[in-house]
Amino acid sequence: MIDRILSKVPAYEYFLSVDELNESSRRLADEHPDLVRLETVGASTDGEPIGMLRIGHGKEQLLFFACPHPNEPIGAMTLEALSHQLVDDAELRGERYTWNLIKCIDPDSTRLNEGWFKGPFTITHYAREFYRPTSFDQAEWTFPIVYKEYGFFRPIPETQTLMTVITGLRPAFVYSLHNAGMGGGYYYLHPHRPEIDDALRALMTDRGIPLSLGEPEMPWGVELSPAIYQSTTLTEHYDFLEKFGQGDPCAKMQGGEGSFGFARGISDPAHLVCELPYFYDARIDDTSTTDTSRKDAILQGIERTSEMTGFTSGIYARVGERLTVTSRFRTASEHLTKLIVDGLEVKRAWAENSPELDIPATAAQLFDNLVVGRFYNLLIVGMLRRALALENEQAPTPEIGEALAEVEERFAGWATELEEEIDYRVIPIKTLVEIQLGAALHIISTLS
Amino acid sequence: MTLVLPSVPDYETFLTVDEAVRNALDLASSAPDLARCVEIGRSTDGEPVRMLRIGDGNEQLLFIGCPHPNEPIGMLTIDLLAHRLVEDDDLRGTRFTWNLIPCADPDAARLNEGWFAGPFSLSDYARGFYRPPFGEQAILTFPFVRRGYAFLRPMPETRALITAMTALRPRFIASLHNAALGGGYYYLSPNVPELGDPLRRLLAERGIPLSLGEPELPWGIEHSLAVFDCTTMDAHVDFLVDQGTPDPTSRIDAGDTTYGFARRVCDPVFLICEVPYFTDPRIADTRSTDAPRRTSVLEGIDRASEILGFLGDMLKRMNGRWTTNSRFRRAVEAIVPQAIDGERARRRWTERSDEFDEPATVAQAFSNRLETPYYHVLNVGTLRRALRYECDAAGRSNDVARAALAEVDERFDAWLGDFEAAIDYRVMPIEDLVEVQLASALRTIDTL
Chain A
1 MIDRILSKVP AYEYFLSVDE LNESSRRLAD EHPDLVRLET VGASTDGEPI
51 GMLRIGHGKE QLLFFACPHP NEPIGAMTLE ALSHQLVDDA ELRGERYTWN
101 LIKCIDPDST RLNEGWFKGP FTITHYAREF YRPTSFDQAE WTFPIVYKEY
151 GFFRPIPETQ TLMTVITGLR PAFVYSLHNA GMGGGYYYLH PHRPEIDDAL
201 RALMTDRGIP LSLGEPEMPW GVELSPAIYQ STTLTEHYDF LEKFGQGDPC
251 AKMQGGEGSF GFARGISDPA HLVCELPYFY DARIDDTSTT DTSRKDAILQ
301 GIERTSEMTG FTSGIYARVG ERLTVTSRFR TASEHLTKLI VDGLEVKRAW
351 AENSPELDIP ATAAQLFDNL VVGRFYNLLI VGMLRRALAL ENEQAPTPEI
401 GEALAEVEER FAGWATELEE EIDYRVIPIK TLVEIQLGAA LHIISTLS
Chain B
449 MTLVLPSVPD YETFLTVDEA VRNALDLASS APDLARCVEI GRSTDGEPVR
499 MLRIGDGNEQ LLFIGCPHPN EPIGMLTIDL LAHRLVEDDD LRGTRFTWNL
549 IPCADPDAAR LNEGWFAGPF SLSDYARGFY RPPFGEQAIL TFPFVRRGYA
599 FLRPMPETRA LITAMTALRP RFIASLHNAA LGGGYYYLSP NVPELGDPLR
649 RLLAERGIPL SLGEPELPWG IEHSLAVFDC TTMDAHVDFL VDQGTPDPTS
699 RIDAGDTTYG FARRVCDPVF LICEVPYFTD PRIADTRSTD APRRTSVLEG
749 IDRASEILGF LGDMLKRMNG RWTTNSRFRR AVEAIVPQAI DGERARRRWT
799 ERSDEFDEPA TVAQAFSNRL ETPYYHVLNV GTLRRALRYE CDAAGRSNDV
849 ARAALAEVDE RFDAWLGDFE AAIDYRVMPI EDLVEVQLAS ALRTIDTL
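Sequences listed follow chains A and B, in order. Take the first sequence: its position 275, counted from the start at 1, is 275 in the working numbering, and no numbers get skipped. In short: position in the second sequence from 1, add 448, done, that's the working numbering.
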């Protein structure tokens, strides 16, 4: 059945906007009132209603939510595709489940990414129109929790919406639809069902998406098998800081629990995250060795990142006080820069004092440190650019105009370098949707 | 260890919301090593909902003050408990963290402050009374799905409670409700049989009669005299579906209860201590009267129907004539049709069921003839406030509202005069009410 479902995923040419997603959901509910209900389950920070499609009448609840990070719209397309197939395909829908789909859990922030949703899909265009809030403004990471000495009680409205549906539905399966930007694909999941590991990896490799086989995204991540990690919780982060960090872990903690940690305490559902890139370069999974040592590769990467943070902090030091518009772009880029600066010192010390890094870097590691890192740096400069552009539009001054011009120039320079250095292929949306959808169906098939 | 009841000072008045919150904040700033005050959410009107956290034990206890806005005894109970916990190391202990929410619904509680300072009488209470309809109550909009019924629209105040409960996963919750007229009783789940006698004794020692008339909820399970099982909305949905109601949604417009929600999250011991402001010994008198219980119940339904009929007529007359949309108006417009429906169902049930052939007790007669009708008259007070608000806003331009207000004033005064004459009630000293709430909670915590 899974192959049949995946073969019917349409060849989407672009990502749907929030309005288009809402309109599509409304139409589906209007056309199939016996199968589909569209319910408002909360409101965003800016007061926009958050809708959830409820399809089927089964007793067990499956919950899918997309755009927990607003720059990750693949999941919205996955749910778009799934919603139509559920209506058309009685075997997929089944009798056992009710399918609960939130196509966009963070409409405010997703709207701020719509500038790149219609293409052209280039690194430059993506970075120019990119927006992502900092951790304590993310729907995914502000669930309330009390753990050891740490207490967090400030879920943002989008998280409150997820709390409502998770506690109300007590789902058997929760799918948090994230995706990456550049790099390989990988999964977070719980519980581990080794019998489907190969099928999950094949969803990616059969479609030419390399597996991410390097370091885990978070150092406390537990690898269950290649490219498959245990879903993470804040409690693991706390324990990691308690064990390896210095001083009170609470001082370094920010935000709250994630959707997995929260849902585990409510209905202990199966949980899945499927991280996929938009852009692919053959070097991402090239494990041949190079002439550069791994240590040098890491240190050079740190240099490039320092250059970016130095530039960004410099601009904020110069004009930060003059900014009158409190934009989400400013909050995100300024805070993110600070976080990176704090992290770089620790990383540099680690790289300089770790003899095990005195080995030749693989092409993938070299690419990761020298190129992929700069791609993510460019996203921050992109948000800085948007913060200044907004200020320049609403309260122009010569200083702001000058700073904006400087940022534009730097952004264009770095973007051009990356466009030249990265030989990337844009992965078709259809392919990404097939993988996200296929992964969900594999996990659901294991539910007892 | 047995928790010792602290001495309770004499209280002349209830705390206002501002006083309760200021006391909590002051306590946290004066004892920062023992107490902290966290914001757990925002009310409908945007006011912070706060929670005081005292001690640092691993097990969490939660006290919810003012769960209904016309029930301010709990604000004093929490105020007293908070101060004693900070002063008294033995009471605080090391096992628990005490989490105290002084006021769960500040917006609505403020609308009751008119009677908080006394004088305390059935009439003054009825004039200053406000209580939201079911679908707007902090303690009755918890999300849940059950047999085709889904409620996923918690009020902001409910979301604050969800945040606290899901973060803390408390071992024990005291939802500090209270009654108004008659006697005292408890809800306790799961039942702790050995608590029955001590809980009843707390009431008896202070001259508070046990409430032995008609139960508040006809389907309630009585563990022992005046100690009931806490209610859930699951039971209500089951009742409706089993009765053959095709779509329970048409009959319920509310979510689950605090207990129903808490049971699914962490299954705590849950206590509600219903102590009345006004007592009448007849509520504990189980001697038989001459009249059958059916006659007594029907007589009460006739009185209720007279009051509700008047309210229905007034609302019909005001239909299309309102220029304001106050909370008072919303409440009375939602409550009156539900109450009329409810009385109709009760009449059918009473006429058909065999259990009403027995003679009524004095307590049941009191419930039917006086207690329940008095609660219906409180709605007349709410309509009066809605009309006053309308007349203040519309000035002389709304003749219909002014005429309606004059008529409502007259009937309201007449009814209140009847109740004042027919009920020889005692106004309970506030300290006795606080003492029972606090002692019953400490007794229960002792059994954990």
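If you're looking for bench data, these hints aren't it; they were derived computationally from the structure. Be aware that one or more of the hints could be misleading.
[Stated by the list, open to error] Ranges of calculated distance between the beta carbons of each label pair, as one might list FRET restraints:
# : chain 1 : residue 1 : chain 2 : residue 2 : range
1 : B       : Asp-715   : A       : Pro-49    : 29 to 39 Å
2 : A       : Thr-326   : B       : Gly-790   : 42 to 52 Å
3 : B       : Gly-692   : A       : Gly-58    : 55 to 65 Å
Because the structure is a prediction, the values reported are computed rather than measured. C-beta: ideal position from N, C-alpha, C; glycine also.
Now for the hints, and whether the structure bears them out:
1. B:Asp-715 / A:Pro-49: 29 to 39 Å: Given about 33 Å between the Cβ atoms, the range holds.
2. A:Thr-326 / B:Gly-790: 42 to 52 Å: holds, 50 Å
3. B:Gly-692 / A:Gly-58: 55 to 65 Å: Taking Cβ atoms as reference, Gly-692 (chain B) and Gly-58 (chain A) lie about 23 Å apart, which means the hint is violated.
Hint 3 from the earlier list is the only one contradicted by this structure; the remaining hints agree with it.
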